[in-house]
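Residue numbers (UniProt numbering), protein chains in the order written: chain L, 1 to 166; chain U, 1 to 251.
It is possible that part of the hints are untrue.
Computed Cβ-Cβ distance ranges for the label pairs, DEER-style [as the list claims (entries may be wrong)]:
| # | chain 1 | residue 1 | chain 2 | residue 2 | range |
| --- | --- | --- | --- | --- | --- |
| 1 | L | LYS151 | U | GLU152 | 26 to 32 Å |
| 2 | U | SER62 | L | GLU131 | 35 to 41 Å |
| 3 | L | SER113 | U | ASN116 | 26 to 32 Å |
| 4 | L | GLU131 | U | PRO63 | 56 to 62 Å |
| 5 | U | GLU35 | L | GLU131 | 21 to 27 Å |
If you are wondering where the hints come from, they were derived from the structure by calculation, not from laboratory data.
Source: prediction; values computed, not measured.
All C-beta atoms, glycine included, are put in the ideal place defined by N, C-alpha and C.
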Amino acid sequence: MTQEADIATELYTILKSVPDPEIPVLSIIDLGVVRSATVLPNQVAKVEITPTYSGCPAMDVIGDDIKTELAKHGYKPEVKLILSPAWTTDWMTDEGKKALKDYGIAPPMDATSDKDALLGNKRVIPCPQCESKNTRLVSQFASTACKAMFKCEDCEETFDYFKCLI
Amino acid sequence: MTNENLIQYIYGIADNSLILGQRISELCGHGPTLETDIAMTNMALDLLGQTRSYYQYVAELSPKDITEDDVAFLRTEREYKNVLLVEQPNTDFAYVIVRQYFFDVFHFMLLKELENSKNVNFQAIAKKSLKEVSYHKRFSGDWLKRLGDGTEESKQKAQQAIDDLWVYTDELFHMTDNDKAVSKAGYGVDTTNLKDSYYAAITSLLKEATLDIPDTKYFQKGGKNGIHTEHMGFILSDMQYMQRTYPGMKW
Ligand SMILES: [Zn+2]
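Please model the entire structure based on the sequences and the hints provided.
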């Protein structure tokens, strides 16, 4: 099964303009939840999306937003939720990671650093405010299931870290 | 193997997630600290999300014209096939953590096997859920160590919860006739094979947490056959009230 999203060129810009409802600086394309987008006869646009987490309450909203945006551009939208292959933070684009950091959320690190940080073994997650790695885990779960909460011991800010999921 | 066999098998797995998800969502706004409150609520959301995937599949398999909501909200008590462990009440935080840990270790092992099912829907749901459940297991395991190796009071409460909930652990490995049929067909999991590694994992963590393994040989079961404890009726009436009062609501 391919891991690369298969998105038709004419739909790319439209989908790119749909934001994640919980982290609005992040486009659903940059989040990596759009797995395929195809134009079929009669202007039907078929889009497959996959959830970040099983219970992610944003998925229904994302589906509706995609439909609205595609309809605005004259397409007849069809949105399908697929579970396989399961979403991974590897599908988040570099542009998406940068947008997260600028927004004050530390982007997901590689699996090894992630594990070290979440087990409290090593201080490796850079604070999105001051870049210091002198940060400690406060809670493995934060405002949403996909994030953990950290505190920077230098600038004293607490911040969300987008957990690595592979 | 018929569709009805599969549906009953799904109930045996998904109802655990539904009822435990409902149980821990009761803590929303009532957790002992903000961090644990948020963590438990996130875990409830994961479990309910997994439940939705299973129930959507049930609705597809069923010959009747039903939706995931009918499956979740409109069955009678006897038709729910969750184990007794997950319906036990949130007596105190130690109970919440011990119940969670006893379930998470099993849940993780079950999904690891279900990932290799011949059924592609089971494969997909298991793969997705495993990523979430590994976080749950780490959360409940860490807390159990903290409670056991904490103050005198936290240790005593954790031990009490273990002693009380231990009797419900054996049922996790009980195979109904339907489970046997579905596992024989290569779709389901023979949980009897998981029993030894389950108790080994629990024993090793309890040791680390300086807590004792109960030496009771008496175990209770029934939930997998639809025979529940007195707590089940209350949780169902909470859960089903809206749907029965305002039929047709969507979750
Ligand atoms: Zn800082």
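Hints, one by one, checked against the model:
As the Cβ distance of L:LYS151 to U:GLU152 is approximately 29 Å, the hint placing it in 26 to 32 Å holds. Between U:SER62 and L:GLU131 the beta carbon distance is about 55 Å. The supplied range of 35 to 41 Å is therefore violated. Roughly 30 Å separates the CB atoms of L:SER113 and U:ASN116, a value that falls within the hinted 26 to 32 Å. The beta-carbon spacing between L:GLU131 and U:PRO63, approximately 60 Å, falls within the hinted interval of 56 to 62 Å.
Against the hinted window of 21 to 27 Å, the Cβ-Cβ separation of U:GLU35 and L:GLU131 comes to about 25 Å, which satisfies the hint.
Figure legend: structure checked against the earlier numbered hints; the only hint not met is number 2.
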